[in-house]
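Those sequence lines, one after another, are chains A and B. For the first sequence, the residue numbers in my numbering are 1 to 108. For the second sequence, the residue numbers in my numbering are 1 to 112.
The hints are simulated quantities; they were obtained by calculation from the structure and are not laboratory data. Ideal Cβ positions, reconstructed from N, Cα and C, are used throughout, including at glycine. The reader is advised that the hints may include incorrect statements.
Pair by pair, the computed Cβ-Cβ distance ranges are [said to hold, decoys possible]:
id, chain 1, residue 1, chain 2, residue 2, range
1, A, Lys56, B, Asp63, 40 to 50 Å
2, A, Ser28, B, Pro84, 32 to 42 Å
3, A, Thr64, B, Asn30, 26 to 36 Å
4, A, Gly40, B, Met15, 19 to 29 Å
5, B, Ala2, A, Thr77, 24 to 34 Å
6, B, Val12, A, Ser58, 36 to 46 Å
Below, a sample of chain A positions facing chain B; criterion: calculated Cβ distance under 8 Å [unchecked claim]:
id, residue
7, Leu43
8, His45
9, Phe98
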Amino acid sequence: SQQGEEDPQALSIQEGENATMNCSYKTSINNLQWYRQNSGRGLVHLILIRSNEREKHSGRLRVTLDTSKKSSSLLITASRAADTASYFCATAPPQFYFGTGTSLTVIP
Amino acid sequence: DAGVIQSPRHEVTEMGQEVTLRCKPISGHNSLFWYRQTMMRGLELLIYFNNNVPIDDSGMPEDRFSAKMPNASFSTLKIQPSEPRDSAVYFCASRGDNNEQFFGPGTRLTVL
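Just need the whole structure built from these sequences, with the hints factored in.
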């Protein structure tokens, strides 16, 4: 069964604004990862946060993890039209369970 | 490295036919995953292998689906007989020691 659940399901913002997506999961994890999928393509790994970490940054990406609430958030700052994609969280171990994704549209 | 390679990229077949999807993982990766993605069900894990051994196939929908990994550089996902509801994009992914999965470009399967 799928473990991760992202919300919102769809998000539309203007270029330059920040986009925040949330992920909730059900069981204990070793790490949580965020992936991006452009239309018609495979998923691309963005960032991994371990269960003992609370926040992680990578460029314009900021991920937080709250293991007590079994939730994570992905913040994309200063969004660009090229950020338009679907974003998925995935929990491990041992295999990966992906959520249903958030579809982000950044309007130029 | 060329990344994860999948073939074919597109497959159109008629109901009842056998379909074989192929995957070549990244060299050195010891885990391989097969996923299916549809609009209705999202991304579903079908099966995964570790060191060529199937670890969890609980996501395989029916006996019509089977997967093999005869060696570290090749895996197949077979559907026999295929049905229209099997139409989806099938992704293969491999993973090394750092927990990051690398996805192939997918095979878009259409069963008429």
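Each hint, compared with the structure:
| no. | hint | result |
| --- | --- | --- |
| 1 | A:Lys56 to B:Asp63: 40 to 50 Å | 42 Å, holds |
| 2 | A:Ser28 to B:Pro84: 32 to 42 Å | 39 Å, holds |
| 3 | A:Thr64 to B:Asn30: 26 to 36 Å | 30 Å, holds |
| 4 | A:Gly40 to B:Met15: 19 to 29 Å | 25 Å, holds |
| 5 | B:Ala2 to A:Thr77: 24 to 34 Å | 33 Å, holds |
| 6 | B:Val12 to A:Ser58: 36 to 46 Å | 39 Å, holds |
| 7 | Leu43 | 5 Å, holds |
| 8 | His45 | 5 Å, holds |
| 9 | Phe98 | 4 Å, holds |
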